[in-house]
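Q: Dock chains B and C against the given chain A, drawing on the hints supplied.
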Amino acid sequence: MTELFFYIFSFISILTALLVVFSKNPIHSVLYLIVTFFTIAGQYILMNAQFLAIVHLIVYAGAVMVLFLFVLMLLNLNENAEPKKDLILKIVSIISSGLLFLTLTAALKDAETSQPSIATNENLGLVKNLGNVLFKEYVVPFELSSILFLSSMVGAVMLGKKEQTTNN
Amino acid sequence: MNTTSSYFPIVMQTLVAGGFVGLVLTLTHLLGPSRKNKTKDANFECGVESDGDARVRFSIKYFMTAILFVLFDVEVIFFYPYAVNFKELGGEGFLAVLMFVSFFLIGFFYVLKKGALEWDK
Amino acid sequence: MLDLIIEKSILILSVFSVTLLIATYLTYTERKVAAFLQDRIGPDRAGPFGIFQPLADAGKMFFKEDFIPAASAKWLFIMGPGIAMFTACMTGAVIPWGTSLNIMGREVSLQIADVNIGILYIMGMVSIGVYGIMIGGWASNNKYSLMGAIRASSQMISYELAMGLSIISIVMMTGSLSLKDIAAGQSGQLFGIPLTTGLDWNVFVQPVGFIIFLVCAFAETNRAPFDLPECESELIGGYHTEYSSMKLGFFLFAEYINMFISSAVISTLYFGGYNFPGIHLLPHNLQAIAGIAALFGKIFFFIFVFMWVRWTLPRFRYDQLMHLGWKILIPLSILNMLVTAGWMTFRNLL
Numbered sequence: 000m001t002e003l004f005f006y007i008f009s010f011i012s013i014l015t016a017l018l019v020v021f022s023k024n025p026i027h028s029v030l031y032l033i034v035t036f037f038t039i040a041g042q043y044i045l046m047n048a049q050f051l052a053i054v055h056l057i058v059y060a061g062a063v064m065v066l067f068l069f070v071l072m073l074l075n076l077n078e079n080a081e082p083k084k085d086l087i088l089k090i091v092s093i094i095s096s097g098l099l100f101l102t103l104t105a106a107l108k109d110a111e112t113s114q115p116s117i118a119t120n121e122n123l124g125l126v127k128n129l130g131n132v133l134f135k136e137y138v139v140p141f142e143l144s145s146i147l148f149l150s151s152m153v154g155a156v157m158l159g160k161k162e163q164t165t166n167n
Numbered sequence: 000m001n002t003t004s005s006y007f008p009i010v011m012q013t014l015v016a017g018g019f020v021g022l023v024l025t026l027t028h029l030l031g032p033s034r035k036n037k038t039k040d041a042n043f044e045c046g047v048e049s050d051g052d053a054r055v056r057f058s059i060k061y062f063m064t065a066i067l068f069v070l071f072d073v074e075v076i077f078f079y080p081y082a083v084n085f086k087e088l089g090g091e092g093f094l095a096v097l098m099f100v101s102f103f104l105i106g107f108f109y110v111l112k113k114g115a116l117e118w119d120k
Numbered sequence: 000m001l002d003l004i005i006e007k008s009i010l011i012l013s014v015f016s017v018t019l020l021i022a023t024y025l026t027y028t029e030r031k032v033a034a035f036l037q038d039r040i041g042p043d044r045a046g047p048f049g050i051f052q053p054l055a056d057a058g059k060m061f062f063k064e065d066f067i068p069a070a071s072a073k074w075l076f077i078m079g080p081g082i083a084m085f086t087a088c089m090t091g092a093v094i095p096w097g098t099s100l101n102i103m104g105r106e107v108s109l110q111i112a113d114v115n116i117g118i119l120y121i122m123g124m125v126s127i128g129v130y131g132i133m134i135g136g137w138a139s140n141n142k143y144s145l146m147g148a149i150r151a152s153s154q155m156i157s158y159e160l161a162m163g164l165s166i167i168s169i170v171m172m173t174g175s176l177s178l179k180d181i182a183a184g185q186s187g188q189l190f191g192i193p194l195t196t197g198l199d200w201n202v203f204v205q206p207v208g209f210i211i212f213l214v215c216a217f218a219e220t221n222r223a224p225f226d227l228p229e230c231e232s233e234l235i236g237g238y239h240t241e242y243s244s245m246k247l248g249f250f251l252f253a254e255y256i257n258m259f260i261s262s263a264v265i266s267t268l269y270f271g272g273y274n275f276p277g278i279h280l281l282p283h284n285l286q287a288i289a290g291i292a293a294l295f296g297k298i299f300f301f302i303f304v305f306m307w308v309r310w311t312l313p314r315f316r317y318d319q320l321m322h323l324g325w326k327i328l329i330p331l332s333i334l335n336m337l338v339t340a341g342w343m344t345f346r347n348l349l
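Residue numbers (numbering that gives the first Met the number 0), protein chains in the order written: chain A, 0 to 167; chain B, 0 to 120; chain C, 0 to 349.
The shape of chain A in the complex, shown without the other chains (with noise of 0.2 Å):
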């Protein structure tokens, strides 16, 4: 039963991932990119790390892509606005990601399969042991990612009035 999800949930994450690549419309793209966030969560529920699943669904499929779309929305999304792409440029992006997919297939074909690791306790993955975890164990990185997150609310309210600073 359970490996039967698991393949539905690949076939249908490996599917919808191609989308997002192939798709024209990028406001299709962030949708299909959506439908992959949701059956990554749906493999993690697999996995029983139920708090994981609904983070990922609410943190990327309920706010990073919010934002995603307001970008998108924000660009001018005529068929005419479209930048033409030239030949050249063409050619350019075709053999740059080329090289990038030989490297990184060069660097896996090395790399070890490791052992996959079992869990000793089913319920590792609930709110509960996370819990714990974070806030005995990881406590100091905890700390610290409160200092990225103040970072970068600087830096996001920064960039946004900057544009302001120089109208006014």
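Hints are computed from structural coordinates only; laboratory data are not their basis.
Partial list, computed: chain B residues near chain C (C-beta under 7 Å):
#1 30
#2 78
#3 93
On the chain C side, residues computed to face chain A include the following (Cβ under 8 Å):
#4 123
#5 127
#6 129
#7 133
#8 152
#9 156
Here chain B is said to cover these stretches of chain A; the calculated rule only asks that three of the stretch's residues, wherever they fall, bring their Cβ under 8 Å from a Cβ of chain B:
#10 54–68
#11 132–138
#12 145–158
Since the model is a prediction, treat every value here as computed from it, not as a measurement.
Note that CB positions come from ideal geometry on N, CA and C, so glycine has one too.
A: Chains B and C only, in chain A's frame:
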């Protein structure tokens, strides 16, 4: 309730809700009349002729809201594991969260002072 | 496995049809409540007291023209109301409608899915619900719709934060994210006073959290006084300006379903869910049935509050709405959380 199988009813609910939505949308498409003409299919703009389309830029304030929402949302999520383990973590956990919240509040007041959330200016 | 599937299918279908029935009849109730508050009669032609009005409305919506503007993004235009309705229908899955029924020696839980992260599941579905309005409004390719959609999504994400923060105090008191545990945790005695078994409702300990949550629920469902996304005086119909037939109906029904579900969530989180004083005296099966009745009583009360507020208060301005959400509710809910945590930690240390 702690296992994967407790999510199975949600899958069933997804099928029921999705099926219902699909069925009704198809039905309403088939049942109603369809009369098309150029003037009627234009976008509604209070009776005057439509001027351009709605692919326009809008205020940066909405983006600020969305960016800040993403950041604050992640921070709010961090409180949940604490809240669930609240009783076991005791005083030490409370101090850890207090520190986290103070960073949260510093960021929050920075955002307020910078006027990133001023809508009437 | 098979009997579980049958059991859950029956439960899902009955919850689903009850939800749809209630949403349909809420349109009627809303008009009757509005009429009552404005000293009018309201719909009274279709059947006695006009009770067949919702059926006539639904039938009419099916047979109206399914208009799709020429300039719109067709598939996204169709998907918008679909997503709105779908997420609204999904939210009800984790609400405990009652304790459990004993049918021929088998314990049948009255909750579709008792998941470990119940309350976050609802938050997740609410955050996905934004897309329905956003995509629908954008795909219409109409300036009013776009404005409505952007306003709606901005408003919903802003109030989601305060909502998430206000729930944390409840989670601290219960130590669980499961709505079943939260409801069951309110069955005790209120402050240890005898004869109040079943009245240990969270609202008595968390009145501030309750008010924050209630305000956020109004904003999340786009109900007045937070109905700026569809305020007719500025934006015609807001995000659903270009919609007609059942697609418009889906947006409206989704709003009513959300209202019903939020009332259920408010009742479960703060008003004891299916608990009421004296429930422990009843025999097992009667307890479940009386519990359902009690929960629905609370739900209908909150739905009435939703309507009462809509027909009483004027609408906010958009900057006032954002001011309330970000500068008042978020600091207030953080304060509420810290006071709860501090006080409970202090009490445990003693």
